[in-house]
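Chemist: Residue-level listing of the chains:
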Amino acid sequence: MARIGVFVCWCGSNIAGTVDVEKVREEAAKIPGVVSALDYKYMCSDPGQNSLRNIIKEKNLTGIVLAACSPHMHENTFRKAAAKEGLNPYFVEIANIREQVSWVHEDKERATAKAVDLMKMMVEKVKRDRPIEDVRVPLNKKALVIGGGISGIQAALDIANGGVEVLLVEKEPSIGGRMIQLDETFPTLDCSSCIMTPKMVEANQHPNIKLYTYSEVEDISGYIGNFKIKIKKKARSVVEKDCTGCGECWNACPMHKNVKSEFNVNLSERTAIYVPFPQAVPLVPVLDRSVCLHYKKGGKCQKCFDACGPKCIDFSLQDEIIEETVGAIVASTGYDLMDTSMYGEYGYGKYKDVISGLQFERLLSASGPTEGVIKRPSDGKTPQTIVFVQCVGSRDPEKGVPYCSKVCCMYTAKHAKLFAHKVHGSQSYVFYIDIRSTSKGYEEFVRGTMEQDGAIYLRGRVSKIYEDEGKLIVKGADTLSGNQVEIAADMVVLATGVIPKKGSDKLAQMLGISYDKYGFFTESHPKLRPAESSTAGIFLAGMAQGPRDIPESVVSGSAAASKILGLFSKNEYEVEGTIANVNEATCVACFYCQRVCAYNAISKKEIKDRSGKLIKVVANVNPGLCTGCGACVNACFSKSIDVKGFMDDQIYAEIKALAV
Amino acid sequence: MEDKDVRKENHTDSKIAGDGSADPRIIAFVCNWCTYSGADLAGTSRMKYSDNVRVIKLPCTGRIDPLFIVEAFKKGAKGVLVSGCHPGDCHYTSGNYHSRRKYATFRDLLGYLGVDLDRVEFSWVSASEGNKWVSIINEFTDKIKSLPGKSTDIFTKK
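Protein sequence lines, in the order shown, are assigned to chains A and B.
Every letter in the first sequence is one number past the one before it in the numbering used here, and letter 321, counting from 1, is 340.
Every letter in the second sequence is one number past the one before it in the numbering used here, and letter 19, counting from 1, is 12.
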């Protein structure tokens, strides 16, 4: 038999001024099952809470209703108070008679009638409350970081420095990501390698970090605290532990003409056995089997094998699957550059000297194909005039993407600056739409490019680029002067827009996290939960979330790491108990619930008898993934699934309490 | 076709005073994250609106069983409002989309059952739209008051 206590709060005159609280109390006392009804000036105050606790004890209450302010204000306060008296905290219901009655209505009689209705509703609801236990999920204190760019490395280092073991998985043969491809970085012009390589080395040598390069996450299942992951370690054909990185193998490789270097963005060639760049971490080459003559010509060529001192080349190595269990994941898969071939007027891919911003970085870089001397890809001559075109693909809803790629304004200013520094007497022109330079020191940096380094900024678009007598003729508009301009350039650099890394959508589906229509991972809340994904235990970092620069990527990596360290500071993860629950006796295994679940929280469970014979298959809710939204409840034809705290019978009782 | 005829008939009846349309009971099924918070915001901003509405809070509009709406009419509600997060803003990613699709299908059935479809409303109110909540409630209440009284008869027969 229910023993309900109703507590009507005056909230000073906030409620009592508009609602006849005594009348609400009197009406409450008349309801069958209500054994105690009280009104008090401030229920949330210490004396208010104490009287609530005393009455729970004295009257041995099985449930309480507070007719008070919004549950978003003090539901937790009263739940905690009830829990202190041994009452299950979910046996507390709030009738919102302040925000939704006294503050929004004026007629006292009618406001009181509404308050009574809301109170009655909650009495009927609380009568049907079942005890709910918060779910505790044990945590495997190990983290997985997917993507070894700057944000992933930062996340891995921070987590590892916090004393937690980290697996850092990188698809490419070396960690370092995009940042290690860059030359100097805005706005300080410190060299990217100089600040990046120490971090890469630190990550490699950290006792808490296990590096999986040339590896991909193949499968993920489970939930917060308990993700089962499979990492595919692609066959390197080189035994890592024996390799010294001496370079004899790639020097011996006969394939040094036809394979374009991915790291140098096709501006140079690499061998079949190669390290992407000299400071690669780990400094262990990879044998690219798709081009290697050993594999193509039936094992005839083994020049690298012969050259290798420690004999660590093993042509028979196979892909390896490594299984691990981790408690939390950081997804930091980074970005790609857009394909700009749809801008035929710019001639990218047609004219050798029309290159992307990332290619220009490689030309600037001392470790690049030209050792830092700016040379035209076509004839190797040093250009005297370069035209930079901004917003190629970005901010173009028609042909490209509508968003701003954020880094291009700054790196273009940097390119123009470095060009001026490296080639004296040269001239650069920048076609721009708007200049976006909003971080610390950025505006000054762009101004410097214009004023000290003499770059000419033209506000407008380029309409056509064509080759004429060894020059690239750039035709465009200068909308500020209203003139058409024509520039004879030696080279054109396109500030190509960024897009999410290829395959990041597939990874998102595997992880069960949401992504936007471009493929960038979406945050749990764009402002207040920027490091969390929509799935508990999976965090986001870097450009995989959207365009951002290096400092922001580092911050996001650290943010994800701090979230994980916070999570791991406890032994168990507590989930609110208001989650879905399956009645296995009536479930007919149609799995419509599974289809509507946005969290992959529903799986198939086999029920077997003692001899192991399958009796039936039913839906099973994973408490680590379920958020209690209730979409599954309505999808269920056999009414076998319900959300605790919002059970069907409770809602019907609420409606009934409002009957007129 | 048939439900239209029923409505016409009711229209004639409405010349006589309705069955309490002057003070109609309106039930609003709202989600916890957007609309309930929006309604709270109307309160904290001390906006005033019609007091005919009674709010039933659910975690998400995706949890709203169409039968709740039927039940509300059966229990004498003259109008039912469903309101949740704007498309794309669902706290649970996609619950409001499920709700919208369910509602689109269910509306026809409600009409077939004889419910005047003017009495059911679906809206998006975010947690920052206290003023939108106020105008939706006021407009919906006025609309219900102006409707002929007996069109939900089918559910109110004892």
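No lab work stands behind these hints, which were simulated from the structure alone.
Watch out, some of these pointers could steer you wrong.
As the list claims (entries may be wrong) - Straight-line Cα separation of at most 30 Å, DSS-like style, residue types lysine-lysine; simulated pairs: (1) B:K41 with A:K42; (2) A:K319 with A:K253; (3) B:K67 with A:K536; (4) A:K49 with B:K67; (5) A:K658 with B:K68.
Chemist: None of the hints should be skipped; say for each whether it holds.
Modeler: Going through the hints against the structure:
{"no.": "1", "hint": "B:K41 with A:K42", "verdict": "22 Å, holds"}
{"no.": "2", "hint": "A:K319 with A:K253", "verdict": "23 Å, holds"}
{"no.": "3", "hint": "B:K67 with A:K536", "verdict": "42 Å, violated"}
{"no.": "4", "hint": "A:K49 with B:K67", "verdict": "25 Å, holds"}
{"no.": "5", "hint": "A:K658 with B:K68", "verdict": "22 Å, holds"}
When held up to the earlier numbered hints, the structure conflicts with hint 3 and nothing else.
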